[in-house]
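Participant: Each chain is listed here by its residues.
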Amino acid sequence: MSDALAVEMIGISKRFGPVQANADVSLTVARGTVHGIVGENGAGKSTLMSVLYGFYTSDSGSIKVFGEDATIRNAHEAIALGIGMVHQHFMLVETLSALENVMLGAEPHVLLHKAEAQVRSRLTELMESTGLKVSLDALVGDLSVGDRQRLEILKALYRGAKILILDEPTAVLTPQETEQLFGVLTLLREQGTTILLITHKLKEVMRLCDHVTVMRGGRVVEEVAIASATIEGLAEAMVGRKVHMGRVDDSEQPAGAVLLQAHGIHVRDVMGVVRLHDLALELKAGEIVGVAGVSGNGQSELLEVLSGLLAPGQGHLIVGESRFDAGSWIDPRTARKIGIAHVPEDRHERAMVMNFAAWESAVLGYQSLPKYCRAGWMQHAQMQEATTNMMERFDVRPRDAQLLCASFSGGNQQKLVLARELGQAPRVLLVGQPTRGVDIGAIEFIYGQLRAMRDAGCAVLVVSSELDEILALSDRVIVMNQGHVAGELPIAECNEKTLGMLMIGGGRGKAAIVSKGAPA
Amino acid sequence: MTIQPLPRWADLVLLPVVNLAVALLAAGVMVWLVGQNPLEVITVLVHGAFGTPRGLSYTLYYATTFVFTGLAVAVAFHGGLFNIGGEGQAIMGGLGTGLVALWLSASLPAWLMLPLMLLVGALFGMVWAAIPGYLQAYRGSHVVITTIMFNFLASSLLVYLLVNHLKVPGNMSVESAPFAKSANLPGMHTFMGWLGIEWPKSPLNTSVFLAVMAAVAVYYLLWHTRFGYELRATGSSARAAAYAGIHPNRQVIMAMGVSGALAGMVGMNEIAGVNGRLMLEYVSGAGFTGIAVSLMGRSHPFGIVLASVLFGALFQGGAEVSFEVRGFSRDMVVMLQGFIVLFSGAMAYVMAPAVARIVNMMRRSAATAPSDKGAAHG
Chain A
1 MSDALAVEMI
11 GISKRFGPVQ
21 ANADVSLTVA
31 RGTVHGIVGE
41 NGAGKSTLMS
51 VLYGFYTSDS
61 GSIKVFGEDA
71 TIRNAHEAIA
81 LGIGMVHQHF
91 MLVETLSALE
101 NVMLGAEPHV
111 LLHKAEAQVR
121 SRLTELMEST
131 GLKVSLDALV
141 GDLSVGDRQR
151 LEILKALYRG
161 AKILILDEPT
171 AVLTPQETEQ
181 LFGVLTLLRE
191 QGTTILLITH
201 KLKEVMRLCD
211 HVTVMRGGRV
221 VEEVAIASAT
231 IEGLAEAMVG
241 RKVHMGRVDD
251 SEQPAGAVLL
261 QAHGIHVRDV
271 MGVVRLHDLA
281 LELKAGEIVG
291 VAGVSGNGQS
301 ELLEVLSGLL
311 APGQGHLIVG
321 ESRFDAGSWI
331 DPRTARKIGI
341 AHVPEDRHER
351 AMVMNFAAWE
361 SAVLGYQSLP
371 KYCRAGWMQH
381 AQMQEATTNM
391 MERFDVRPRD
401 AQLLCASFSG
411 GNQQKLVLAR
421 ELGQAPRVLL
431 VGQPTRGVDI
441 GAIEFIYGQL
451 RAMRDAGCAV
461 LVVSSELDEI
471 LALSDRVIVM
481 NQGHVAGELP
491 IAECNEKTLG
501 MLMIGGGRGK
511 AAIVSKGAPA
Chain B
521 MTIQPLPRWA
531 DLVLLPVVNL
541 AVALLAAGVM
551 VWLVGQNPLE
561 VITVLVHGAF
571 GTPRGLSYTL
581 YYATTFVFTG
591 LAVAVAFHGG
601 LFNIGGEGQA
611 IMGGLGTGLV
621 ALWLSASLPA
631 WLMLPLMLLV
641 GALFGMVWAA
651 IPGYLQAYRG
661 SHVVITTIMF
671 NFLASSLLVY
681 LLVNHLKVPG
691 NMSVESAPFA
701 KSANLPGMHT
711 FMGWLGIEWP
721 KSPLNTSVFL
731 AVMAAVAVYY
741 LLWHTRFGYE
751 LRATGSSARA
761 AAYAGIHPNR
771 QVIMAMGVSG
781 ALAGMVGMNE
791 IAGVNGRLML
801 EYVSGAGFTG
811 IAVSLMGRSH
821 PFGIVLASVL
831 FGALFQGGAE
841 VSFEVRGFSR
851 DMVVMLQGFI
861 VLFSGAMAYV
871 MAPAVARIVN
881 MMRRSAATAP
891 SDKGAAHG
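Those sequence lines, one after another, are chains A and B.
So the first sequence is numbered by this note's numbering: it starts at 1 and just counts up by one.
So the second sequence is numbered by this note's numbering: it starts at 521 and just counts up by one.
Quick caveat, the hints were computed from the structure, so don't treat them as lab data.
Ideal Cβ positions, reconstructed from N, Cα and C, are used throughout, including at glycine.
Heads up, some of the hints might be wrong.
Stated by the list, open to error - A partial selection of chain B residues facing chain A, derived with a Cβ cut-off under 10 Å:
1) Tyr-658
2) Gly-660
3) His-662
4) Trp-743
5) Ala-761
6) Ile-766
7) His-767
8) Asn-769
9) Arg-884
10) Ala-886
What the hints assert, rightly or not - Derived DEER-like restraints, expressed as beta-carbon distance ranges:
11) A:His-87 <-> B:Pro-635: 33 to 43 Å
12) A:Gly-11 <-> B:Ile-665: 53 to 63 Å
13) B:Ser-885 <-> A:Ala-425: 48 to 58 Å
14) A:Asp-142 <-> B:Trp-743: 55 to 65 Å
15) A:Met-271 <-> B:Asn-769: 45 to 55 Å
16) B:Asn-769 <-> A:Met-127: 39 to 49 Å
17) A:Trp-377 <-> B:Met-550: 32 to 42 Å
18) A:Gly-500 <-> B:Val-647: 52 to 62 Å
19) B:Asn-769 <-> A:Ala-280: 23 to 33 Å
20) B:Ile-665 <-> A:Glu-68: 14 to 24 Å
Claimed, not checked - One side only, chain B facing chain A, incomplete, derived with CB under 8 Å:
21) Arg-659
22) His-744
23) Ala-762
24) Ala-764
Next up, chain B with everything else stripped away, as it sits in the complex:
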């Protein structure tokens, strides 16, 4: 028995769609088993996520963060590294964004302040990822282990700084003082207002454009620059990279650095865009969701954007479902997300042989029917 490989379009588009369908089907069965109507749930979910400008805004707000963390995972992955530290790098990014805002927002105008926040946030994330990169390249500590540990370090550091240094005295909640106005990224309703379009107030802010730009930039970086060429060469074969005069060790650090910088940009959405102050829990698992997003998006920026919107829709639509549908708790939504991660991440290729067989069968009948020439197609 031979398994013929899937054509590229099927691998990139068809397979994820099939996986998603299977996941929804499995989740639907679960929903049905607990006595709910799957159709009602999915209707509410889709409507909640996309049906209203407000729902759509929330969906895209969540997606923005996932794009950053998903891209972070993808860049590392192309460099042959599994960066599980997106969570910690995003926390550090937010911390960098917040610290520079607390320090300078009173004295700098927005056009200077916001780019500076982006830069410092990315820098914090970069350094936080480059350290495990260095440890892997020169000290042989595996990056999967160290990045996980660095997640805890980042989270603890944030708590320490907030509780002991940044918290406003007399305030009950653990959060810093609010930034001056110049450090707040305009919300989408403000932005649309400039264009004369009415848009409901929501956490969605202009960092969504930054996310799209980041996705485009990552595409060009990976496939159109020498940096990307050398990164992918190292990721595919360190020995071939060494042969090509590339320093695999240095490449590991740089790949992790870029990866961390992307994760660090989460701060622009959560800190500069939404909260306007430093606080706890602004990443809340998005670093890990990024892994699922990257897996589902086949580590391609375009796929990652699509997968981010899907996960954003699940978060937003799921919240809506737990609100609207009686007896459908938040846990059921988590279960639904779990199925999607399972089928399109961990079991991404379980369906591949079946899909390949069907695709090849269709091709064969298409190839033999119209012409006898037997079009040579690799």
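Just chain A, same shape as in the assembly:
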């Protein structure tokens, strides 16, 4: 039985209205392997997994689980067959404890304390054998994202999952948490669990998977053993053309005049925790400065301070001729006026109003510009025309300015936001997580646009939790650790090792200061 197949999906088709989400998709997953499913947004990988997990019923095709024909009409039937799913957005109740969350809906006893005792002993065993450590009595609301994910996996295993579907599991994790997760998944595989990994991060596929299926436009376009796969090959299969993700070997041009200077920035949050500590920063015309760091080390606050969303307790900011001190900090409106554009990290809550039409969100922040607003009246025709142009220039799909923002995919939302911010020809461009949740094809395009801004003399600051992105884009890299600049390196001295060491912080700051003086 060791070579039996865990999952066989044969000829699955699923149509939503005019959209053929899956067309004759077949997938076979060997027992005890990690099987990657990659593809761009809308390639049909989530639909396929939803069919397997019983969210959707396919229009045609059949499923076998461990060699037996199966009809899966809902999640309960999937769980009964040993299929567990960890969603990208966790399905946990924040106000209940970890233990209660696992137990919820699967209480083994009518008396709660007996049920809890049983679940606890079973979970303790599971945690021992898998290395998934979660403090069971903590409220889920207090757990870190990594802990919550481990809890979700535990929950699935507790319910007897032998086939585990993970949907973009690393999208929300820090590099360290990703490492831990991979350790756990490797261990689970050794113990015989079959893992289906939905992702668009090809590096992770290469590291972890045994097999990989590439989907595009609702069809399987490639299925290979990892030994014979390459990142370039997979990327090409996903996008349907050659893509270049790495550094463009650009002619080194010296950075120009200093456009923005920040000094001695201190920020405390409402709880009194220090978020930024004595931070100093210079942005020059014609360079891209990458900000690396483990998430939560002050990068978000840095963006908010520079864009005027957050006033620091101390420090000052000089942009061109304007100087702002802690007491009278710059506000977003003024920031835009003096040429600071900001693409926020949080696309859904900040960059757009999700239930606005695209043409309304396309002027967000610029609603007072004379071309959009005359004497208090919004100029709908001009707004719509501008939006159409933005969509054309940045290839936003579908090209429908009337569509609600929420109806666009993440990548297309991001392109629209970039189009809006870049379109104002800013002198300083602040970008947070430029390609989070964005397809490979679009990533290449976005990188190109950011480089074009740099070449046009704009000072660009890129905050990203993806080290590869920092390395691909930056001319100079700042590493943040605990709200402080832990080091600054010219790109020539940057690699995963040097940056990784600075990101972890500690006494390595010195090394950074030494290398800072080295010629670029």
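Could you slot chain B onto chain A? The hints should help.
Facilitator: Below, chain B alone, put in the same frame as chain A:
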């Protein structure tokens, strides 16, 4: 199982109609259960509300007030606020309208007096709503709680002023002296008389035109001005609004202010249009009916006008039914209103999945039948 969203037209038109039908059906069953003939009741109701010029006048008179309070709820709602204080703001609006009339009506001509009354009424309502707005924006007191409390304050203030200061000495009823003629808004019969049309005397007055203008103005304010743009942005996402350089706190106060001003205009109908003096109970629950009206009208001015006419018809037709149909008490009418509020307000989306399924089914058969191209329609 997937629930596909309703197309916009179905959400705005079809769903409310279905909800209304279900409410009438449920009410009909109740009427039948207590031994009455539902068909007779509905006939009398519709005839009473729309069948005669006089009935129609009463229906529109009620609707006028509901338009103001409904718009008030809708504006706040678009700003992300639930203004339950329409009642109090309408009372204050009436008070402002009345006070300025008592003070100046003897010395000012109508063309100056009436706009002034409108202005002061709206201002009173505005201030009365802006205070809870301020408390929410800068002091963290939830606007739902404070606006409810402000309803009681307004009502008590009105009683105090009337009983202790404004009541005419020697008069038994609690009401102020009548205004001079310049402070009375022309009734519809007078207005129609100017046009040479005969119209029965009724409480319906020219403030109904003001209500229609207010609805149109609110539409333009919300969807065609920067003020409306920023208000809706704040209402949908305060964080996005802050990013866009909008002060969410200031926006809260302004949204409440506009909302209160609209509620305050009720005074033009009830005080300037009908009573010609200050008295008690001229709002009598219209502030709360405004919530139902706004819910039913999907917070859109056009929907609110329609919903107001419906509720006006229920009030007028209901009164007619309790008068005409033996054993059908006023309480039954309240029950009928209750069903409508329940089905088109609180349970507005209960029918949505079923309606969506039917609509999508019809579309699919329509799309596949004539052409194989599979028209791409979002």
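Participant: For every hint, state whether the structure bears it out.
Facilitator: Each hint, compared with the structure:
Interface hint status for Tyr-658 (chain B): violated, as the beta-carbon distance to the closest one in chain A is roughly 15 Å, over 10 Å. The criterion of a C-beta within 10 Å of any C-beta in chain A is not met by Gly-660 (chain B), whose closest approach is roughly 13 Å, and the hint is violated. Using the Cβ-Cβ criterion of 10 Å, the hint placing His-662 (chain B) at the interface with chain A is not satisfied: the shortest such distance is roughly 19 Å. This hint holds: Trp-743 (chain B) has a C-beta 8 Å from the nearest C-beta of chain A, less than the 10 Å allowed.
Because the closest C-beta pair between Ala-761 (chain B) and chain A is about 8 Å apart, less than 10 Å, the hint holds. Residue-level restraint check for Ile-766 (chain B) holds (minimum Cβ-Cβ distance to chain A is 8 Å; threshold 10 Å). Because the smallest distance between the Cβ of His-767 (chain B) and any Cβ of chain A comes to about 9 Å, under 10 Å, the interface hint for this residue holds. A cut of 10 Å between beta carbons decides the hint on Asn-769 (chain B): the least distance to chain A is about 13 Å, and the hint is violated.
The interface hint given for Arg-884 (chain B) is met, as the beta carbon of that residue sits about 8 Å from the closest beta carbon of chain A, less than 10 Å. Interface restraint check: Ala-886 (chain B) against chain A, minimum CB-CB distance 12 Å, threshold 10 Å, status violated. Separated by about 59 Å at the C-beta atoms, His-87 (chain A) and Pro-635 (chain B) break the suggested range of 33 to 43 Å. In this structure, Gly-11 (chain A) and Ile-665 (chain B) meet the distance hint of 53 to 63 Å, their C-beta atoms being roughly 59 Å apart.
At about 51 Å, the beta-carbon gap between Ser-885 (chain B) and Ala-425 (chain A) stays in the expected band of 48 to 58 Å. For Asp-142 (chain A) and Trp-743 (chain B), the hinted distance range of 55 to 65 Å is not satisfied, since their beta carbons lie about 43 Å from each other. The hint said 45 to 55 Å for the Cβ distance between Met-271 (chain A) and Asn-769 (chain B), and at roughly 21 Å that hint is violated. At roughly 47 Å, the beta-carbon separation of Asn-769 (chain B) and Met-127 (chain A) lies within the given 39 to 49 Å, and the hint holds.
Under the hint 32 to 42 Å, the C-beta atoms of Trp-377 (chain A) and Met-550 (chain B), about 49 Å apart, miss the expected range. Under the hint 52 to 62 Å, the C-beta atoms of Gly-500 (chain A) and Val-647 (chain B), about 60 Å apart, fit the expected range. Between Asn-769 (chain B) and Ala-280 (chain A) the beta carbon distance is about 31 Å. The supplied range of 23 to 33 Å therefore holds. For the pair Ile-665 (chain B) and Glu-68 (chain A), the beta carbons lie near 58 Å from each other, so the given range of 14 to 24 Å is not met.
For Arg-659 (chain B), the interface hint is violated, the least distance from its beta-carbon to any beta-carbon of chain A being 16 Å, above 8 Å. A least Cβ separation of about 6 Å between His-744 (chain B) and chain A falls short of the 8 Å threshold, and the interface hint therefore holds. Hint status for Ala-762 (chain B): holds, given a least beta-carbon distance of 6 Å to chain A, under 8 Å. A cut of 8 Å between beta carbons decides the hint on Ala-764 (chain B): the least distance to chain A is about 4 Å, and the hint holds.
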